[in-house]
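S.K.: Given next are the chains, with one letter for each unit.
Protein chains: 2
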Amino acid sequence: MTVIKAQPYDYELPATGKIALLIIDMQRDFLEIGGFGDALGNDVQQLRSIVPTVKTLLEAFRQYQLPIFQTVEGHQPDLSDCPPAKLKRGQSSLKIGDSGSMGRILILGEPGNQIIPELEPFADELVIPKPGKGAFYQTNLESCLQTQGITHLIIAGVTTEVCVQTTMREANDRGYECLLVEDATASYFPQFKEATLAMVRAQGGIVGWTASASQVLSALAMFLKR
Amino acid sequence: MTVIKAQPYDYELPATGKIALLIIDMQRDFLEIGGFGDALGNDVQQLRSIVPTVKTLLEAFRQYQLPIFQTVEGHQPDLSDCPPAKLKRGQSSLKIGDSGSMGRILILGEPGNQIIPELEPFADELVIPKPGKGAFYQTNLESCLQTQGITHLIIAGVTTEVCVQTTMREANDRGYECLLVEDATASYFPQFKEATLAMVRAQGGIVGWTASASQVLSALAMFLKR
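Chain order of the listed sequences is A and B. Counted from 1, the first sequence has number 559 at position 120 by this note's numbering; the numbering is strictly sequential. Counted from 1, the second sequence has number 605 at position 166 by this note's numbering; the numbering is strictly sequential.
Hints are not guaranteed to be accurate.
Claimed, not checked - No more than 27 Å apart at the CA atoms, straight line, and that leaves these computed lysine-lysine pairs for DSS-like:
1. A/LYS494 to A/LYS664
2. B/LYS527 to A/LYS534
3. B/LYS444 to B/LYS457
4. B/LYS457 to A/LYS527
5. A/LYS494 to A/LYS534
6. A/LYS494 to A/LYS457
7. B/LYS444 to B/LYS494
8. B/LYS664 to B/LYS527
9. B/LYS664 to B/LYS444
10. A/LYS457 to B/LYS494
11. A/LYS664 to A/LYS444
12. B/LYS527 to A/LYS457
13. A/LYS527 to B/LYS527
14. A/LYS444 to B/LYS534
15. B/LYS664 to B/LYS457
16. A/LYS444 to B/LYS664
17. A/LYS664 to A/LYS534
18. A/LYS534 to B/LYS494
19. A/LYS444 to A/LYS457
20. B/LYS494 to B/LYS534
These aren't lab readings, by the way, just hints derived from the structure by calculation.
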């Protein structure tokens, strides 16, 4: 049995199931100057700092020919999949669907809605558009995971306390063994990232496990040599 | 327009939709000495302190004849709805389905799985059993809300960072306007409660609003006098 040295205890790599990498919302809207996150006054550098680590994970999963999924948060151009509550929320000057410097804000297919170039998916890697914070709501993620027999998820991306934890909680309820990579996830608010990591692994890992990317990668290397 | 004085800004009571009270998991398993929470070493007093406030909310919604939903976390006796990951999680001595001092742990219908006597639902108040942390996963909550035309949810219960926030995030993705009642929700870990309240109302209320029970009740009283 191969394990990832994780918190709150070792994470067992699957003997029969399959493991996949799930990267949440590493899209230009949230990570680039001029995007939605930046326009709302957030410091995108908080998120950009994890890009090299996420890239290392992505390349390792590619090398090992393990499944990789990325998500983007975005809506249809007519906003038919955007609840009124989400549209009017926040009392900010920039709203979903408005024109920004990278096209319409959080609209599928717009320049800002693309994965950042450093993590651009290969043609055979699935990018799942999602209208909510959780990647299981109104998407085909669950059926894709089931079809491929995936039981274990290594999770990375942004932002930790919003889309990442919402997705991890959905996955946990559905029985997936989830590990959140500590140095491959980030928030505009570092204290929220730390609080989320602590909540995930509290009470014996009530939502799952956390570990560093190097711990994940060294265990995977051993696991795949078997 | 009637508003609840809330954070991060006023919460508008619905002009056309309907508002409901959603009370999460105020069950003996989590709140009583000898229950699952207590057996795992948690201080149930942290949770019990909110009981009078939740009761006040419950009685007000009854008085105003507004819809009330409660949830309990529990599984079928054969555990067929409990993912293996959840069953083995935590490395604790007491597992889901084991016999405890209030019957089998987290099993539907067992004494420990009942709502605490102080908040016992009336016969016409729905109690929704849920196998996960989120109240929308594998339950009929969403169809019940839709059938009744409910658009606004006032949320209370335990524990703040686990079942309450998971449910609130699911509801937010589904377009419900959610307000979490600050003094009617609790965690075994007060710092997690505070962090969750802060995460909910960050970035212009990215998950929703928070307010005290007295703020909710005084706005409701005005709202219903119209």
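S.K.: Confirm or reject each hint.
M.R.: Evaluated hints:
1. A/LYS494 to A/LYS664: holds (22 Å)
2. B/LYS527 to A/LYS534: violated (44 Å)
3. B/LYS444 to B/LYS457: Holds, because 18 Å separates the two Cα atoms, which is no more than 27 Å.
4. B/LYS457 to A/LYS527: It holds: about 18 Å lies between the C-alpha atoms, which stays within 27 Å.
5. A/LYS494 to A/LYS534: violated (30 Å)
6. A/LYS494 to A/LYS457: holds (21 Å)
7. B/LYS444 to B/LYS494: holds (21 Å)
8. B/LYS664 to B/LYS527: The given pair, whose Cα atoms are some 52 Å apart, is violated under the 27 Å limit.
9. B/LYS664 to B/LYS444: Roughly 18 Å separates the two Cα atoms, so the pair holds.
10. A/LYS457 to B/LYS494: violated (46 Å)
11. A/LYS664 to A/LYS444: holds (18 Å)
12. B/LYS527 to A/LYS457: Measuring from Cα to Cα gives roughly 18 Å; hence the hint holds.
13. A/LYS527 to B/LYS527: violated (42 Å)
14. A/LYS444 to B/LYS534: The given pair, whose Cα atoms are some 23 Å apart, holds under the 27 Å limit.
15. B/LYS664 to B/LYS457: holds (15 Å)
16. A/LYS444 to B/LYS664: violated (59 Å)
17. A/LYS664 to A/LYS534: violated (49 Å)
18. A/LYS534 to B/LYS494: violated (39 Å)
19. A/LYS444 to A/LYS457: Measuring from Cα to Cα gives roughly 18 Å; hence the hint holds.
20. B/LYS494 to B/LYS534: Violated, because 30 Å separates the two Cα atoms, which is more than 27 Å.
Comparing the model with each earlier hint shows violations of hints 2, 5, 8, 10, 13, 16, 17, 18 and 20; every other hint is respected.
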